[in-house]
Amino acid sequence: MHPEKQTHDFEPKIIAFVCTWCTYAGADLAGTSRMQYPANVRVLKFPCTGRIDPVFILKAFQQGADGVLVSGCHPGDCHYIAGNFHARRRFAAFRKLLEFVGVDLNRLQFSWVSAAEGGKWVEVVTDLTEKVRAMGPMTEFKELAMEEQWSGAINTPELKEAYSQI
Amino acid sequence: MSRIGVFICHCGENISRTVDVERVAQQVGKMPGVAFSTDYKYMCSDPGQNLLKKAIQEQNLTHVVVAACSPRMHEKTFRKAVEAAGLNPFLCEMANIREHCSWVHENREEATVKATEIVGMMVERVKKNRVLPTITVPVTKRSLVIGGGIAGIQAALDIADCGHEVILVEREPSIGGHMAQLSETFPTLDCSQCIMTPKMVDVANHPNIKLYTYSEIELVEGYIGNFQVTIKKRARSVDEDKCTGCGVCMTKCPQKKIPNKFDQNIGMRTAIYIPFPQAVPNTPVIDRENCTMFKTGKCGVCQKVCGPGAVDFEQQDQLIIEAVGAIVVATGFDLYTIDEKPKGSLIKGYGEFGHGKIPDVIDGMTFERLASASGPTGGKILRPSDGKEPKQIVFIQCIGSRAREKGISYCSKVCCMYTAKHTMLYHHKVHDGQAYVFFMDARTPGKSYDEFWRRSIEEEEAVYIRGMVSRLYQKGDKIIVRGSDIAVGVQVEIEADMVVLATAIQPQKGADTLAQKLGISYDKYNFYSEAHAKLRPVECATAGIYLAGACQGPKDIPETVSQASAAAAKVMTLFSKDLLEREPIVARVKESGCVGCFACKKVCAYGAVEEKEIRDRQGNLIKTVAFVNPGVCAGCGTCQATCPSKSVELDGYTDEQIVAMIESL
Amino acid sequence: MTEPIDTSIYSAVTAAIQTEAQRILAAGLVTAIVGYAASRRNGSTQPIIVTDAAAAEKLIFTPASVNNLALYLTKAKKEIPKKGKIGIVVKGCDLKAIVGLMGEAQLKRNDLYLIGVPCAGVLASTVQPSTALTADTIASKCTECDARLPSDCDYVPNVQLPTQPQLAGKYAVEIARLEALTPAERWAYWKEQFAKCIKCYACRQVCPFCFCEQCLCDRNKPQMVDTTPRPAGNTAWHIVRAMHLAGRCAGCAECERVCPMDIPLNLLNRKMAKELKELYDYEAGFEVNDKGPLTTYTDKDDQSFIK
Amino acid sequence: MQKYISQQNLTTLLDTLIKQGTRVVAPHMNAGVPLYEPIQSAADMATGQLPRRSAKEAFFPVCEDIMSYEKEGQRISLKDIDPARFPETVLVGVRPCDAAAIPVLDEVFSWDYKDEFFLERRKKTTIIGLACTAADDACFCTAVGLFPGETKGSDLFLTPLEDGGYACESYSDKGETLINGNKELFAEPTKTKALSLAEPQTEKIDLKKVKSWLDEHFEDPLWDGIATRCVGCGACAFVCPACHCFDIVDEGTEKAGKRRKSWDACGFWKFTHHASGHNPRDLQPKRYRNRIMHKFKYYDDKFGQTLCTGCGRCVRVCPVGIDIASIVEEISKK
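Chains as they are written, first to last, in this note's numbering: chain L, 1 to 166; chain X, 1 to 665; chain F, 1 to 307; chain H, 1 to 334.
FYI, nobody ran anything at the bench for these hints, they're computed from the structure. Given the structure is predicted, the values throughout are model-derived calculations rather than measurements. Even for Gly, the Cβ is constructed at its ideal location relative to N, Cα and C. Hints should not be assumed to be uniformly reliable.
So the derived list for chain F, only partly shown, Cβ under 8 Å to chain L, looks like this [stated by the list, open to error]: (1) Met224; (2) Val240; (3) Leu268; (4) Met272; (5) Leu276.
Generate the whole structure from the sequences, applying the supplied hints.
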């Protein structure tokens, strides 16, 4: 009844920011259709992709996400007329910025998943999880969180241990 | 300090089969701020809800998280239950551990860990939830109906009968719309005017209906419950109060050869005219473009003959402002004009069928006027070119419709049925004539529709040829129609006396301009978009605006009437309360931080952001800030993501709530 | 390469500014003029607000007139009373910022008297203010300047701009260099740069577009960006700053000039400008735009990155 | 105690210290910017330019943790930082203007509250000062009563000689201990001429006069005149060797986090912003006035010292060219 968990060396943490009308509903559909996908994703619901601030993506990486997914309604399907069009520009720009400061864009996925696309949701989540799993942990922001200005740094055993855990 | 109650639902076995709900409840119980945590078989059941209510009261809970199915399923249920127990409903959140967890993962360990994290995320979120009072907006219980066809008339009468005032605005000099032009209607063949004109008269006589004909919408401001509409009442040049409708002016008017649009330009009218004898209002209008007085300054015959002195050449267009609480848009349709491609249109012409070039190639509406007893031929089917009775007549369906290569992919829905009707009317009037129909498919769903269509073949002897016409040309006084009968697989050539094209139904010209004034959305064909294709088919996404009839998509009369009554019902629902309650998920501006860059205003698709001046006690302007009208705001939050200083915040989805969720992971 | 750059027009520009300033102050056309004046260190200038015609002689323009004075017109500078018409000395790059501020409802053209400066370039922040202007000492932004002559000003001194030596665009070169690196190498580069940051917020305080009364990063409910000057918070701050300026930044490079730790901040802004130009054909210029590239959209926008 | 140390032996001294596990902090180039930083080898020392930030950060870090918290269930557990973990440090190549600021800071950090973070680092650090041979026109140590050979604050003071070596004099027990522990590297003083010290850039200012004017002029049009152009950044305070205001913030999540202390600046609008929303220093001139008052009056009132060593860093970094030396000079002439 309960299949064994597939063992992997590394289970990535994936944070998904989705709009409530299309992608959240699409993920619900995947559920009602009993489709299966990796359990790594955590979904945050927004009214619209237009509400998703780039800072949230940054915050997610800082909080230890190994991959981030942003997903909403297909162009023209926005429940709020044009929220996804604004989001499209905002993220087109933001991903370029992240890329420029050295974030590997393979860790940041954008998609349009409609309420009818339970299958696409599964595909997008599975692909991102597998891709990020293959890349290994996102160490950049985690390391950064441990770093201090030299004058404030103390090399404690706890810190060394924390580093080794990244 | 928050005292959060967490309720983990088993959903029978739907959740508990894969998620160890007891362990989740136990783990969650240790999270900071959680005062009570339990699991239960069916949280949505009455005992489940009672458990929730009891716990709120006994444990003095301040916030609630129900971990169960999707919030799209039961959020309302639990928020209601929470409200019944005395908490603000927005202090309750749902954690989706069914659709997003137990149903999509098989491994119990993984699913249990994930469910715990999902619940933990919602626990952190709910701590930052604020009490949100329901937003109330006063409602002006008058409504505006745009368009005086059958849809507008039906909606106006229903609302007016309910005791609410209606402003009915019609662009043409008379109400009636396309239905008034029809001869008979399918599938009963009752005379259109016989059933239409009584309704028109009802409108004219209704104490609750204020009728503006020959008028257009100039400007729409405000929001649900509180619209201000500016109506441009074009100068009729005839004083409606003085005119008795005697018609002397029309009989004396020297300009008698003006094509009458109502008769599809095959009948003629005078320069001072009513479009048809049963027009409502029965007040003539002077067509200033064709009136000798207006063109040359000399004539004035109508003024001289008018007993009551109603003719007024000096009359000006008037702007009238009306306050209404709801708007029904019923602007109807227009027919696809096949010989030209309007500038900027995505639709290509059908020049190959000679419409507009071969006089005896006409469209369906022209056929209606020919068949109409009150039409230009007195109901006789006569060809426009020479007035002869056509003995061989060809009907071609799907002109424009379902023709992706021409830019229209939709089905116009009514053509199969009206073509069948046309073959019958033709057969009744030209007993020795033969009707042929080229068709792709026959679409006849509807009560008694298929029976009607079969009758046209089986009893009225119409010959149906499945296939499209490839070529059509004039030869002598005949029109040669060539096509293929794909059912039999042969080429067909018919020497026709007249050809009738079932041209596609399109939205009225200017539908897009009106939509922009109203702030409603429309598709690429300019049909207005409903809020939800299935569940909100008569509402626009913009609150307080409703749709009726063919402006939303092709429809026949019964469907139009149903939708009009449905729109009226929606209006009456809105008017049933003095104050409109709205979900408080709207944006709010924190004025102290706002610097008035109005990026929010630039991205708001609803025009909900206004500029507001802040003044000190002496009245000096301190600054201009953004103000979000809660009556208009739809709650998408695009403004907040755009605001550089985060001075506008979407209640229910604040940065604090979202960051709390991210930080919980 | 130490090719000298001809700044001989600056003395004529200075004289013209003084005469015009005196005239408009005396005639009451403006209540104050924001310009540059000499300060103690050899060759240096500092911003000055002149309200008296007699003090107009203090106004100068030199290669050390580096500041973007548009800052003083914004709401961020509450100390300057914004009553009546204000005159301001602007270089082309400064004018772009003023134009941007007009587009964001922060300034009205009628409230300003623009004294445009034909500009041959200003000094880099890394050299002493007394240094002569050469291809080496010129500010990086000036190597990519397309706005030496401001347009639509109320007054521009009538001098002939000398021909400029061809200068290699320093930002374009550096952006191309960084783009060619791997993400990990770029991360290492920026990590080293941002680690130096001490969160003095000079970059924010001099930016004409950082006119928010309360910066997102000064809010603590929620704490979107950690405020402490540690590598994590520094990195977040600079990413957020660049994103908030995307599609707004006029390229005056003040952020980079004032950074006491010499972090190449304008590189981020230039990179975003480059991307927005490529994506939406948007560039900061002399024309007031109602909407910036990130407050508008078309239904045809690129979405090749969206699955 | 006066000694001589050759360039070679100084290198050996530092490398030995590093090998022994002592943290050696010296001027060092970091991504193109000279900063006082721990060095891995004496060869990394770069004394040519005045470091962009002062030496105060060796005692008063830009940012440091002072406590951590963890929440589990209804319990919160706190953990203090143990100052015993601060490393033994030798701070070398310190400019006189930087070294002189340290004893000034001692006053405030050991006043009614003993700041263990500052004092513990102070206790574990030996300061080797280096006479200043290059100044620019932003420098004004001579205006505030110091000079390029000032030894105040140094445990050991080096004066560069023409032969590349240094005259070396100890001014404290820590200095003597360092010499005594490495006797073989130090020789007796030589007759070699010292390199000429940096040219004084400014006349000495009568700081008593400045203070007495400040005593009487809390309200004065001067403040508006200077500070309308101040943009309210913290650059001047952060690079200053004597500014010592700090902020304490908790960073982390609901579950765990740290309490941190980091530099603050009186130029920031938030500096005196009350929780109520009121701000007694609501405009920039009031904030800038505080900067001058604190340096030349309040600190003097309390500790009898001036909170400025004339390093000129604030003059160099000010985005709008505000020049504290000219302001103080202007006040002294009133």
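Here's how the hints hold up against the structure:
no. : hint   : in the structure
1   : Met224 : holds (5 Å)
2   : Val240 : holds (6 Å)
3   : Leu268 : holds (7 Å)
4   : Met272 : holds (6 Å)
5   : Leu276 : holds (6 Å)
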